Amino acid sequence: MSIWEYANPKRFMQTSAWVLPWVAVLALACLVAGLIWGFFFTPDDFRQGSTVKIIYLHVPSAMMAINAWVMMLVTSLIWLVRRHHVSALAAKAAAPIGLTFTVIALVTGAFWGQPMWGTWWAWDPRLTSFLILTLFYLGYIALWQAVENPDTAADLTAVLCLVGSVFALLSRYAVLFWNQGLHQGASLSLDKEENVADVFWLPLLVCIAGFVLLFVALVLMRTRTEIRARRLQALLARERLA
Amino acid sequence: MGALLSRDLRLAMRAGGGFGLGLAFFLLLAVLVPLGVGPEGGTLGRIAPGILWVGALLACLLSLDRIFALDFEDGSLDLLATSPMPLEAVVAVKALAHWMVTGVPLTLVAPVLGVLLNLPVEGYGWLVLSLALGTPALSVIGAFGAALVVGVKRGGLLLSLLVLPLYVPTLIFGAEVVKRGAAGLEVAVPLLLLAGITLAAGALLPFAAAAAIRINLR
Amino acid sequence: MGALLSRDLRLAMRAGGGFGLGLAFFLLLAVLVPLGVGPEGGTLGRIAPGILWVGALLACLLSLDRIFALDFEDGSLDLLATSPMPLEAVVAVKALAHWMVTGVPLTLVAPVLGVLLNLPVEGYGWLVLSLALGTPALSVIGAFGAALVVGVKRGGLLLSLLVLPLYVPTLIFGAEVVKRGAAGLEVAVPLLLLAGITLAAGALLPFAAAAAIRINLR
Amino acid sequence: MELSVSDLAVARGGLRVLEGLSFRLAAGRALILRGPNGVGKTTLLRTLAGLQPPLVGQVSLPPEAIAYAAHADGLKAVLTVAENLEFWAAIHGTDRVGRALEEMNLVALRNRLAANLSAGQKRRLGLARLLVTGREMWLLDEPTVSLDAASVALFGGVVRAHLAAGGAALIATHIDLGLAEAEVLELGPYRAKSPAAGGARGDFDEVFG
Amino acid sequence: MELSVSDLAVARGGLRVLEGLSFRLAAGRALILRGPNGVGKTTLLRTLAGLQPPLVGQVSLPPEAIAYAAHADGLKAVLTVAENLEFWAAIHGTDRVGRALEEMNLVALRNRLAANLSAGQKRRLGLARLLVTGREMWLLDEPTVSLDAASVALFGGVVRAHLAAGGAALIATHIDLGLAEAEVLELGPYRAKSPAAGGARGDFDEVFG
Amino acid sequence: MPDLGKYAFAVLSSYAASLLLLVALVGWTMWRGARVKAQLREVEARQERENG
Ligand code: HEM
Ligand SMILES: Nc1ncnc2c1ncn2[C@@H]1O[C@H](COP(=O)(O)OP(=O)(O)OP(=O)(O)O)[C@@H](O)[C@H]1O
Ligand SMILES: Nc1ncnc2c1ncn2[C@@H]1O[C@H](COP(=O)(O)OP(=O)(O)OP(=O)(O)O)[C@@H](O)[C@H]1O
Ligand SMILES: [Mg+2]
Ligand SMILES: [Mg+2]
Numbered sequence: 001m002s003i004w005e006y007a008n009p010k011r012f013m014q015t016s017a018w019v020l021p022w023v024a025v026l027a028l029a030c031l032v033a034g035l036i037w038g039f040f041f042t043p044d045d046f047r048q049g050s051t052v053k054i055i056y057l058h059v060p061s062a063m064m065a066i067n068a069w070v071m072m073l074v075t076s077l078i079w080l081v082r083r084h085h086v087s088a089l090a091a092k093a094a095a096p097i098g099l100t101f102t103v104i105a106l107v108t109g110a111f112w113g114q115p116m117w118g119t120w121w122a123w124d125p126r127l128t129s130f131l132i133l134t135l136f137y138l139g140y141i142a143l144w145q146a147v148e149n150p151d152t153a154a155d156l157t158a159v160l161c162l163v164g165s166v167f168a169l170l171s172r173y174a175v176l177f178w179n180q181g182l183h184q185g186a187s188l189s190l191d192k193e194e195n196v197a198d199v200f201w202l203p204l205l206v207c208i209a210g211f212v213l214l215f216v217a218l219v220l221m222r223t224r225t226e227i228r229a230r231r232l233q234a235l236l237a238r239e240r241l242a
Numbered sequence: 001m002g003a004l005l006s007r008d009l010r011l012a013m014r015a016g017g018g019f020g021l022g023l024a025f026f027l028l029l030a031v032l033v034p035l036g037v038g039p040e041g042g043t044l045g046r047i048a049p050g051i052l053w054v055g056a057l058l059a060c061l062l063s064l065d066r067i068f069a070l071d072f073e074d075g076s077l078d079l080l081a082t083s084p085m086p087l088e089a090v091v092a093v094k095a096l097a098h099w100m101v102t103g104v105p106l107t108l109v110a111p112v113l114g115v116l117l118n119l120p121v122e123g124y125g126w127l128v129l130s131l132a133l134g135t136p137a138l139s140v141i142g143a144f145g146a147a148l149v150v151g152v153k154r155g156g157l158l159l160s161l162l163v164l165p166l167y168v169p170t171l172i173f174g175a176e177v178v179k180r181g182a183a184g185l186e187v188a189v190p191l192l193l194l195a196g197i198t199l200a201a202g203a204l205l206p207f208a209a210a211a212a213i214r215i216n217l218r
Numbered sequence: 001m002g003a004l005l006s007r008d009l010r011l012a013m014r015a016g017g018g019f020g021l022g023l024a025f026f027l028l029l030a031v032l033v034p035l036g037v038g039p040e041g042g043t044l045g046r047i048a049p050g051i052l053w054v055g056a057l058l059a060c061l062l063s064l065d066r067i068f069a070l071d072f073e074d075g076s077l078d079l080l081a082t083s084p085m086p087l088e089a090v091v092a093v094k095a096l097a098h099w100m101v102t103g104v105p106l107t108l109v110a111p112v113l114g115v116l117l118n119l120p121v122e123g124y125g126w127l128v129l130s131l132a133l134g135t136p137a138l139s140v141i142g143a144f145g146a147a148l149v150v151g152v153k154r155g156g157l158l159l160s161l162l163v164l165p166l167y168v169p170t171l172i173f174g175a176e177v178v179k180r181g182a183a184g185l186e187v188a189v190p191l192l193l194l195a196g197i198t199l200a201a202g203a204l205l206p207f208a209a210a211a212a213i214r215i216n217l218r
Numbered sequence: 001m002e003l004s005v006s007d008l009a010v011a012r013g014g015l016r017v018l019e020g021l022s023f024r025l026a027a028g029r030a031l032i033l034r035g036p037n038g039v040g041k042t043t044l045l046r047t048l049a050g051l052q053p054p055l056v057g058q059v060s061l062p063p064e065a066i067a068y069a070a071h072a073d074g075l076k077a078v079l080t081v082a083e084n085l086e087f088w089a090a091i092h093g094t095d096r097v098g099r100a101l102e103e104m105n106l107v108a109l110r111n112r113l114a115a116n117l118s119a120g121q122k123r124r125l126g127l128a129r130l131l132v133t134g135r136e137m138w139l140l141d142e143p144t145v146s147l148d149a150a151s152v153a154l155f156g157g158v159v160r161a162h163l164a165a166g167g168a169a170l171i172a173t174h175i176d177l178g179l180a181e182a183e184v185l186e187l188g189p190y191r192a193k194s195p196a197a198g199g200a201r202g203d204f205d206e207v208f209g
Numbered sequence: 001m002e003l004s005v006s007d008l009a010v011a012r013g014g015l016r017v018l019e020g021l022s023f024r025l026a027a028g029r030a031l032i033l034r035g036p037n038g039v040g041k042t043t044l045l046r047t048l049a050g051l052q053p054p055l056v057g058q059v060s061l062p063p064e065a066i067a068y069a070a071h072a073d074g075l076k077a078v079l080t081v082a083e084n085l086e087f088w089a090a091i092h093g094t095d096r097v098g099r100a101l102e103e104m105n106l107v108a109l110r111n112r113l114a115a116n117l118s119a120g121q122k123r124r125l126g127l128a129r130l131l132v133t134g135r136e137m138w139l140l141d142e143p144t145v146s147l148d149a150a151s152v153a154l155f156g157g158v159v160r161a162h163l164a165a166g167g168a169a170l171i172a173t174h175i176d177l178g179l180a181e182a183e184v185l186e187l188g189p190y191r192a193k194s195p196a197a198g199g200a201r202g203d204f205d206e207v208f209g
Numbered sequence: 001m002p003d004l005g006k007y008a009f010a011v012l013s014s015y016a017a018s019l020l021l022l023v024a025l026v027g028w029t030m031w032r033g034a035r036v037k038a039q040l041r042e043v044e045a046r047q048e049r050e051n052g
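Residue numbers (the UniProt record's numbering), protein chains in the order written: chain A, 1 to 242; chain B, 1 to 218; chain C, 1 to 218; chain D, 1 to 209; chain E, 1 to 209; chain F, 1 to 52.
Quick caveat, the hints were computed from the structure, so don't treat them as lab data.
Any given hint could be a false lead.
Said to hold, decoys possible - 30 Å max Cα-Cα, derived DSBU-like pairs, lysine-lysine:
no., chain 1, residue 1, chain 2, residue 2
1, F, K37, E, K193
2, A, K10, F, K6
3, E, K122, D, K193
4, D, K193, E, K193
5, C, K153, E, K122
6, E, K122, B, K153
7, D, K122, C, K153
8, A, K10, E, K193
Just so we're clear, the structure is a prediction, and the values are computed from it rather than from any experiment.
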């Protein structure tokens, strides 16, 4: 059986109905376990003190914020090439989730930056590119909302997602270039994995797993809703035509 | 009056009404300016009051052409002009609705953007206060400008040209309040002038705007 | 192709076409920012490159919705889409026309505004060069955004939200050229990157824009 | 209530289009305006509705007594049928939404967004607005555009009921509305004469003698 | 040149409106499309013109052979009559502006701005555009809206001349154009059936079985 | 409760803000899901009745 069969709405509804509860429970379990472990049972960092506990929210959400966009890019491509409706609707479903994760990364980063860098916000390249990512999410969501015909909206947002991805990458390099040679925001960030000791690393992994699962669960749930909304719209429109 | 207000608010909230877009634009500007100007906190903090005010003003400006143009295009404006409601009241209510969907949210998120622009801590209260006092003037003046260009196709750019000079006093006093507040100086004078502009604009411009609409409908 | 270009230019020149309005907006912004920011020469000179670039970008933005919306509303876009001219060429020509009526004049007056904003003398040449290289990208990217929202009524604000993030790389490299030029530093890298963006956008985006228009006409 | 117009001249775009027009329209009566395209029907109706001033002449009724229905319906696409009518009812301070929906056969559509109506249904909704204004003198500019035969008949009935209740209607139209009792006013003879033919001179004619 | 359509289904707003449509239209012939409001005439013409893809079915003519005249005329208000036509002639690479002006009786108006035309004159200009495209298959959507009787007759003559020169025309209209020789295609029977009545199901019907 | 020291505010606010955002997202998702499901069921039932 080809994997594309799952792109059939009916098939998708059946499969997702079966998968969703498991993913949701697993997501909850991982999140609760990881966050409790991280919050209560890890030591403070010798330099960053207890702020290191923010990492359990900050890093997973930052990772998923980017991954959500990548997923939208892939599903948009699938929609453009193979015209599977579920694919387009999954992209639509993922956008608000990605936006929320982006905001979480920004907010936790700001709360972290305050004690570490002495400022809530610095125009550090990484932070800046995240802010730009937020703007891409906002534009994408606004375009979905502004266009009435669902297929037209799916096509247009898919094109925007493609072009936007290229420009998002370009912005990332532009921002790196922009803040080079200039005053570098006091970056205490432990940029390399090696720097993170095992005591922090293990609960972090659990949290990352939790965020991934949460993302999957939410995308499934929202895609189901979007499919239903789409069918609802089709039924009402047909009523109108009759 | 209540009916018109609630209709305009509802139109703004429903799909395609553009609620939230003004906010997004404000945010965009707060990102673009540092990208152009450079990341140094000191410079940014110094220009933050001005940039935030210019940003609020542009965000307001971009949604102005919705105030009357949509109603003109679908014929509602003709019908409102022949309704028992005085056209002056129509203008005032529509300006109020515009303020509620742009000015109020802008005022509320401004502190967040203040963080992005390194606004000194002392400035936040004054930023919010000055925007709360000044944005109603932006909406009323903008409604007057929108009334002037109501028959012009895609008159957005013309509208900006007409309205921006009228915004100058509001901008100057508004930014001055924040600048002085952030520097810990006396702010009473610009604050009073700002309030004065809002009151005077709110009291007088609806009449001018209604006259302009009558002329344009003729 | 020539016919479409000359028609678009003629439309822009005739009454209501909006030629010169972008310029006037640019000028206004260059006046407003010192009013908002305050007159200290040092700060102004430092932020001048960024402000000029942001201003050029906004002036460009404000006239974007004219690129396709007017033709869509009066049915010309349908007719152009069924004409022998490929839609990609239509987009490219229209972006070119937009650049000729906004980008070129902006580039030419920018030095004057540089004076208003206390831009250091060394910066003028680089300002003009960077705008000449960068504004075509603004028009092409803008045409893509305008193509996306061509069916949306009064989509000006939505258009800004979609287009401004796409302008970020152009803005950064453009402002960087001027800033470095004014400071007497090496500018080759950002200049090349700016030219690269313009070339790539000009070569690829007309296809995306034409696809978006086809979708919107459907 | 009676609309009486005496020696009216109206202008469009600075040019006099109709002149010397006088007529009376009493309560309970309907008057049909006829004339080729461009003769000035729309201009006349807008003048009577108070949207533009007459060049010369008097109109007896104040605009407050008049409900004007133009080509454009003034409908908001993102509001439902009922919401659209409720808005106009609130503006005019009446509460006839339910009756208007019934009379124009819109009850089944009351919760549908105006965007999702067909052209004919939109037009019916636009005409239902007349009923919620509660005004007596109707000025209608081609009211039956895009209506099918059944809806035209329905609308004819509504107009007749309005007349029977003491209202009046002035209708510009090219087609037959089935209102046999209505008088017809042909506008052709009132077309403004050019100055060469002895008509009034424009504002700027005297400048060059 | 022949337009042949086989088993065509067209959709609007995601809904199938017409289906099972087959017809042929040979050079020198005209075909009138009839049907109540909302049956899908405009949708069909847009599909044939290549502006939207058909749901199923084949259209034999490429869009390059087709000149489409929609409700909107695509006129620029700030260009003169001649400039408007010259633009479209240049786009289509023809040089028939003079002839088109003559045939549609626009010579006297050639230097007038389109903004200052009456509705009927605007429509005539919109129809003159068909002549400068030099294309053989005309698709016309209610071409005579707002034309007076004389202009309708003039236009009838233009269509007849086009047919005589080997062209063809597909015309959606509610009124009589005086083209006695044209065949009529009633679209009512091709209205898409609802799934309950055995029609094709939409994209999302299968979701819930 | 672990001793968060002088950074208590930063850590607690981060957790509070993040959890709030997550809960809001999940809540909105479930609410909208339930609403659309109910609406669809209603329309399906109605059309069943009318066609059936
Ligand atoms: C609001 C501002 C901030 C944003 C938008 C932000 C964004 C990011 C992003 C995008 C990542 C990469 C996640 C990944 O893909 O692995 C990250 C990782 C990280 N950030 Fe932040 N950050 C912010 C502030 C901070 C602050 C203030 C600190 C601490 C001083 C910090 C510490 C870290 C650490 C330790 C990592 C993990 C690095 C790794 O494991 O690779 N961040 N952040
Ligand atoms: N802006 C304008 N400038 C100059 N003349 C105008 C303008 N607008 C309309 N006209 C002219 O005024 C005249 C009257 O127009 P009006 O719309 O009143 O005609 P009408 O009788 O309603 O026509 P229709 O039957 O097409 O609705 C027309 O001859 C028209 O050409
Ligand atoms: N955006 C849309 N969404 C859903 N349905 C639509 C949309 N636009 C049009 N329709 C419906 O599609 C059908 C076909 O419309 P179309 O414009 O093709 O009709 P038509 O035969 O040209 O009518 P007319 O005689 O009024 O021109 C109509 O019933 C209309 O209600
Ligand atoms: Mg008229
Ligand atoms: Mg049609």
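Verification of the supplied hints:
1. Simply put, K37/F and K193/E have alpha-carbon atoms about 27 Å apart, close enough for the 30 Å limit, and the pair holds.
2. The hinted pair formed by K10/A and K6/F fails the criterion: a straight-line CA distance of about 54 Å is larger than 30 Å.
3. In summary, the hint linking K122/E to K193/D is supported, as the alpha carbons are separated by about 24 Å, within the 30 Å threshold.
4. Of the supplied pair hints, the one linking K193/D and K193/E is violated, its CA atoms being roughly 57 Å apart against a limit of 30 Å.
5. Under the criterion of a C-alpha separation no larger than 30 Å, the hint pairing K153/C with K122/E is consistent with the structure, at around 24 Å.
6. Our distance criterion of 30 Å between C-alpha atoms is met by K122/E and K153/B, whose separation comes to about 18 Å.
7. With a C-alpha separation of about 19 Å, the suggested pair K122/D and K153/C falls inside the 30 Å cut-off, and the hint holds.
8. For the proposed pair K10/A and K193/E, the alpha carbon gap of about 23 Å is at most 30 Å, so the pair holds.
Hint violations for this structure: numbers 2 and 4, all remaining hints satisfied.
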